[in-house]
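Given the coordinates of chain C, assemble chains D, G, A, S, U, X and F onto it according to the supplied hints.
Number of protein chains: 8
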Amino acid sequence: MRLTVYLAGEIHSDWRQELIEKVQAKGLDLDFVHPQLVHDRSDSVGEDIQGPQPNAYFRDLAASDVNNFRTEVLMQKADIVIALFGEKYRQWNTAMDLSAAITMGKPTIMIRPEEFIHPLKELSRKTNVTVATVDQAVEVLAYVYE
Amino acid sequence: MRLTVYLAGEIHSDWRQELIEKVQAKGLDLDFVHPQLVHDRSDSVGEDIQGPQPNAYFRDLAASDVNNFRTEVLMQKADIVIALFGEKYRQWNTAMDLSAAITMGKPTIMIRPEEFIHPLKELSRKTNVTVATVDQAVEVLAYVYE
Amino acid sequence: MRLTVYLAGEIHSDWRQELIEKVQAKGLDLDFVHPQLVHDRSDSVGEDIQGPQPNAYFRDLAASDVNNFRTEVLMQKADIVIALFGEKYRQWNTAMDLSAAITMGKPTIMIRPEEFIHPLKELSRKTNVTVATVDQAVEVLAYVYE
Amino acid sequence: MRLTVYLAGEIHSDWRQELIEKVQAKGLDLDFVHPQLVHDRSDSVGEDIQGPQPNAYFRDLAASDVNNFRTEVLMQKADIVIALFGEKYRQWNTAMDLSAAITMGKPTIMIRPEEFIHPLKELSRKTNVTVATVDQAVEVLAYVYE
Amino acid sequence: MRLTVYLAGEIHSDWRQELIEKVQAKGLDLDFVHPQLVHDRSDSVGEDIQGPQPNAYFRDLAASDVNNFRTEVLMQKADIVIALFGEKYRQWNTAMDLSAAITMGKPTIMIRPEEFIHPLKELSRKTNVTVATVDQAVEVLAYVYE
Amino acid sequence: MRLTVYLAGEIHSDWRQELIEKVQAKGLDLDFVHPQLVHDRSDSVGEDIQGPQPNAYFRDLAASDVNNFRTEVLMQKADIVIALFGEKYRQWNTAMDLSAAITMGKPTIMIRPEEFIHPLKELSRKTNVTVATVDQAVEVLAYVYE
Amino acid sequence: MRLTVYLAGEIHSDWRQELIEKVQAKGLDLDFVHPQLVHDRSDSVGEDIQGPQPNAYFRDLAASDVNNFRTEVLMQKADIVIALFGEKYRQWNTAMDLSAAITMGKPTIMIRPEEFIHPLKELSRKTNVTVATVDQAVEVLAYVYE
Amino acid sequence: MRLTVYLAGEIHSDWRQELIEKVQAKGLDLDFVHPQLVHDRSDSVGEDIQGPQPNAYFRDLAASDVNNFRTEVLMQKADIVIALFGEKYRQWNTAMDLSAAITMGKPTIMIRPEEFIHPLKELSRKTNVTVATVDQAVEVLAYVYE
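Chains as they are written, first to last, in the working numbering: chain C, 1 to 146; chain D, 1001 to 1146; chain G, 2001 to 2146; chain A, 3001 to 3146; chain S, 4001 to 4146; chain U, 5001 to 5146; chain X, 6001 to 6146; chain F, 7001 to 7146.
No wet-lab data here; the hints were simulated from the structure.
Just so it is clear, CB atoms sit at the ideal spot from N, CA and C, and this is done for glycine as well.
Warning: the hint list may mix true and false statements.
[As the list claims (entries may be wrong)] Short, incomplete list of chain X residues facing chain F, as computed with Cβ under 10 Å:
(1) T6071
(2) V6073
(3) Y6089
(4) N6093
(5) S6099
(6) A6101
(7) I6102
(8) I6117
(9) S6124
(10) R6125
(11) Y6143
[Stated by the list, open to error] Covered by chain A, according to a simulated footprint, are these stretches of chain G (three or more residues, beta-carbon under 8 Å):
(12) 2026-2037
(13) 2040-2049
(14) 2068-2074
The following block holds chain C by itself, in its conformation from the complex (with noise of 0.2 Å):
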């Protein structure tokens, strides 16, 4: 049974590749899909399409309808969703995916540090499974295989 899994999360770690490579090894049969990966062109692609705004606050939100786009088509498609908080950024993105996959009844998998205990909890215990390390999350994906 091939499954689609989205990656959502932090975009300056290369840990989505390491978690392919992973599953790859382990010959699970997964698809991935992801937000787009370089943080300049996630940030330019409103005005890359639509031209120049008038400054830079409408310059984010032009950008945020094509990012939002593309996280629509790809987490529809997705049978589960994998969301990885990192130790930067606030991430709120990762916690907005997170909540919105869990609300349509997808099932989810998290990763954080375990410095993000407390301010995750709540989230946390509304995800099916958390864990704290990309090796974790792969075991938790081989284990629909088992």
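Chains D, G, A, S, U, X and F only, in chain C's frame:
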């Protein structure tokens, strides 16, 4: 990932062909569906199937049922809906299809000339992305695959 | 049984007042809600709340968000949606609201002049009842209580 | 028409009291519900009910279940959700609640200081109306009753 | 707890009045709604509102829209649907209403004479409770309040 | 685009075979599913699987459960539902299946002889397209692929 | 805010009365609904209404339909579902009701003795809050009103 | 038509293997998914992934999250759910899975020994078909393809 796109809106210009060709030039993995494009057939299909109707009013209604059936079948299969507002006609069907798609939770793109910013402003804000040209819509679609 | 009716559509004539008075004359147990009826306020409400915007385009969008918020709140509370298409303006908002209501499964009535039979034929067939006058719409409402 | 508003977000300032007083001053027919506002009680409620837990991690999780229960009960009764992002803390719960409300189809208002425009840009575009102050949120609520 | 019951089915006998009186005698806290009970009005309501139609076929369709509107409004407000199959007529509307109610997740009771066990067997098994008499249906309703 | 069509209704004539052959002659990319077509098997399947039942009533109910299971599995996979009302029998199952399909939001076609216009008028108006012959239904299906 | 609570589970002890009294002592604005509490009536209600059945098997099924009808009516009206697992009987109905409530998105509380931690562990993790005593459940309810 | 079947219930006997072999002998086009069948792994998977937990209670909960994740992923892909109640253990998970499947609208089959007719009577009536043996369940599956 193969996605299906419903192309709603104006049938008096060749914007669909233009969009499809530009998508193919980019090698995007997209299928396209759309309403009946031959206007006369779209207006006569009720009588073509049901036989002559008492007057123009009932001729219109007989055609509408078949057109609505086609739209409903194809839009339910679509992952994305794009709606283009042209410069002529009232185009209530375009607004109807786009609003139905938004309410069904489909990711959506609106293409409209700038002169229609004001009358389409509320619908525009409910749509994921609003652009002014077919080229821009193609760029939004391409962004999903980056 | 008390029911709530959302009155969508044209805000440049007094059809809502006429309809409400006729409903009251019949003693029907109905509440009415509707969009902002003062056109200027509807166009300026974004800047009224958010302050000056860079240009007319962004002024329009700021207003749209507040109008959409109001419509969404009130339409979700409505048991019935009536949409009137007047003889002027493009009225894409009317088609948007009626199509959204139909897709949400709300029972609906369309009021439109006969000259619009053709361009509204598909939307008309998705609506429960289509009539030409406010008096007829009142009769349809009254029928629920017979 | 009486409506219920859920006030999500920061519990370290008195913004809810300010908003409620301003709403009452305008005579709007609104009820308000919200999460537990006493931070210590919110953190200890799990142990208060379940007894001592093995460590801080399990103490957090026990509290989260009760907080999530409360939020779920009250948000399901709400017609409108307002979420305020304050200037401190990570506030993932605020993003979680707002995203859940949007996904459930609730009409929403976000209040955030301008310095958070960039990190909240995608969530902002999914929210019906985003404003910078409590006063502006009150104006949006008042608009529903005009 | 006050509940609303939609009484679908045959309009040529006085079973609704009988059922309502027996419910009142038991003091159950129930409201009742139902389709138009005057058969001639039910058939003529389209022409009564829309004016003369070209022929009997279109007369029927005009009436159906108004009847469907009424049914849709009232059934959406109902907590329980009871459908009675009488001994005459084809009663496809009764099967239509009951099947729609089941599919909408409404709790349902079917009343049918024993001679109809065979042709109604599949629909009977999708209904919560099937009985042969109005008295039995009243007992089922009363059980909710024990 | 490959679509699946559920063929509900009369099993005493060979209309399904006729429809499928005409669809194949047109080269339409359609799959067909349908209820059990062998009437005796449809009536005996409960006892065939569960063993002898106490009487005809319970024999009927045992069969109904298996028939309902089959219908539910196949109708959930269908993109389109066609229901034919023949000239004999009460055919409440046909009305039940068509009404369930409409309520589930499936695009629908009704085939019925003209003598049934009146008793089927309300159901007809909830169906997307109503026709009198199998040939007309094939034309409606073909229109989706034009 | 008045809320309705469905009390599922064991009917051989007086836990519902205990819970209701403790809730009243706290002055919480809650209504309670529940299944039939008289075990014999719950088992005989099918024959009480339908008359004698062929054997114990069919007697059971006739009763079940009426019990399911009652549960479905009342659970749909509930804002909160509490399920108590007692120390005797298999109590599959309790698991059935709690799982149905969770799947319907109702906020839920499970009460179970500690000896059942292991066999109820998966269901416990899908429930919002799991406690061991009625007193603890009352505290969870009270927390909603703090 | 290829269908996916989720096999819920007892993991201490080899009923799944028996059912799958009998289905293959009939050449039915079915895929099968199921929970983890190795009981020890099912109980230890939480600690296997998360590391040692403070005590048996938390060990159970850690395992439950991973088991629930697996069930949720696979059941959402299933077209049919079969649940078998064995003669030992409390099997609340079996009732939980079957009730969740019914509430999600999945077509369902229950297999249970006759001694459990009474305690499973309500759940049985909500299931599409209840049988006593694996052979009978295979016959029900085969009927879909006749």
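Practice prompt. Against the earlier hints, flag every one the structure doesn't satisfy and list their numbers going up.
Written response: Of the numbered hints, 2, 11 do not hold.
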